[in-house]
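Asker: Sequence:
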Amino acid sequence: MPPVDVTDRIERSTGADKPIRILAKAVRRRIGPGWLRDLLHGVPLGKPLHPPVANISLGLLAAATVLDVTRSDPRAARVLIAGGLATAMPAAAAGITDWSVLHREQQRIGFVHALANLTALGLYTGSLALRLAGRERTGRALSFAALSASTVGGYLGGHMAYRQAAGANHAESVSHLVPLGWHDLCDIADLPEGRPVTRRLGYIDLFVLRAGGNVTVLADHCAHLAGPLHQGRLVSEDGTACVVCPWHGSTFRLADGAVMHGPATAPQPSFQTRIRRDGILQVRPAQT
Numbered sequence: 001m002p003p004v005d006v007t008d009r010i011e012r013s014t015g016a017d018k019p020i021r022i023l024a025k026a027v028r029r030r031i032g033p034g035w036l037r038d039l040l041h042g043v044p045l046g047k048p049l050h051p052p053v054a055n056i057s058l059g060l061l062a063a064a065t066v067l068d069v070t071r072s073d074p075r076a077a078r079v080l081i082a083g084g085l086a087t088a089m090p091a092a093a094a095g096i097t098d099w100s101v102l103h104r105e106q107q108r109i110g111f112v113h114a115l116a117n118l119t120a121l122g123l124y125t126g127s128l129a130l131r132l133a134g135r136e137r138t139g140r141a142l143s144f145a146a147l148s149a150s151t152v153g154g155y156l157g158g159h160m161a162y163r164q165a166a167g168a169n170h171a172e173s174v175s176h177l178v179p180l181g182w183h184d185l186c187d188i189a190d191l192p193e194g195r196p197v198t199r200r201l202g203y204i205d206l207f208v209l210r211a212g213g214n215v216t217v218l219a220d221h222c223a224h225l226a227g228p229l230h231q232g233r234l235v236s237e238d239g240t241a242c243v244v245c246p247w248h249g250s251t252f253r254l255a256d257g258a259v260m261h262g263p264a265t266a267p268q269p270s271f272q273t274r275i276r277r278d279g280i281l282q283v284r285p286a287q288t
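Quick note on UniProt numbering: the sequence shown kicks off at 1 and runs consecutively.
If you are wondering where the hints come from, they were derived from the structure by calculation, not from laboratory data.
Take the hints with a grain of salt, since some may be wrong.
Ranges of calculated distance between the beta carbons of each label pair, as one might list FRET restraints [stated by the list, open to error]: (1) D278 with L180: 19 to 29 Å; (2) R71 with A26: 42 to 52 Å; (3) A141 with A168: 36 to 46 Å; (4) A129 with A286: 54 to 64 Å; (5) P52 with G15: 41 to 51 Å; (6) W35 with L234: 39 to 49 Å; (7) D17 with V69: 37 to 47 Å.
Note that CB positions come from ideal geometry on N, CA and C, so glycine has one too.
I would like the entire structure built from these sequences, with the hints used as guidance.
Answerer: As structure tokens, then:
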């Protein structure tokens, strides 16, 4: 029997589900829909904000450890730790915002990831305070302990990103699964008026909305965590027709799949449409 990975144990553990549920709900309530939440998710960047900001913080703190090991400039080490702690604040804000709209298994890993990083930040803060008080040796010892905690946090963060696909674009495969050119999808007469439905094209599901003589087609699985868009709400954002994912509220423009609101940061793949004379709807991937 293969050994059980510690991350698998965390994913399956339900002991922390109640505080996770309470904390996630509090974060969503505190950082409500709007420009701040979109910014923390990374919508203006077109990719998650947390990873690059966290890498800056970790890079500064790791560089301080290198100076400690080589017994180089103590003042430079203090500056690096201070910079790492300062940049950790926006990284944490972005991270907890992303975490609040993940699946429960991902949140379990993320919860321990956050605890490890909080431990590391507390140790780094103590290290900086000791250094400023002139206790360099004890300060360096705390930094080494902090680096160990941040390594655990980084490992769990990598597990979330690469094993659990948290933050990944869940609609990226669409461009690889649909060949170029026009494809028959369905009879236009079979589509209800003004109500989104799903239709199958080869290996993928499509969101299809008929409105009069116009038909909008997007990939059905949300780019955030693959929620079914055809079950979502149709809304208007500043006069622009959009669909809201029923799982976590990502909002996409119907015309081209552009992200209007997160947590999704990647656009939803869209399709061009045309109707043959015999009423068959044809689609092809929109040119990007």
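Asker: For the range 42 to 52 Å, tell me whether the beta carbons of R71 and A26 fit it or not.
Answerer: 44 Å, holds
Asker: Does the beta carbon distance between A129 and A286 stay inside 54 to 64 Å, or does it fall outside?
Answerer: Once the Cβ atoms are compared, 55 Å apart, the range 54 to 64 Å for A286 and A129 holds.
Asker: Kindly confirm whether 19 to 29 Å is satisfied by the beta carbon distance between D278 and L180.
Answerer: The hinted range 19 to 29 Å holds for D278 and L180, with Cβ atoms some 23 Å apart.
Asker: So does P52 sit 41 to 51 Å from G15, Cβ to Cβ?
Answerer: With Cβ atoms ~32 Å apart, the hint is violated.
Asker: Can the suggested window of 39 to 49 Å be confirmed for the beta-carbon pair W35 and L234?
Answerer: 23 Å, violated
Asker: Within 36 to 46 Å or not, the Cβ separation of A141 and A168?
Answerer: 38 Å, holds
Asker: Within 37 to 47 Å or not, the Cβ separation of D17 and V69?
Answerer: 40 Å, holds
In terms of the numbered hints stated before, the structure departs from hints 5, 6, listed from lowest to highest.
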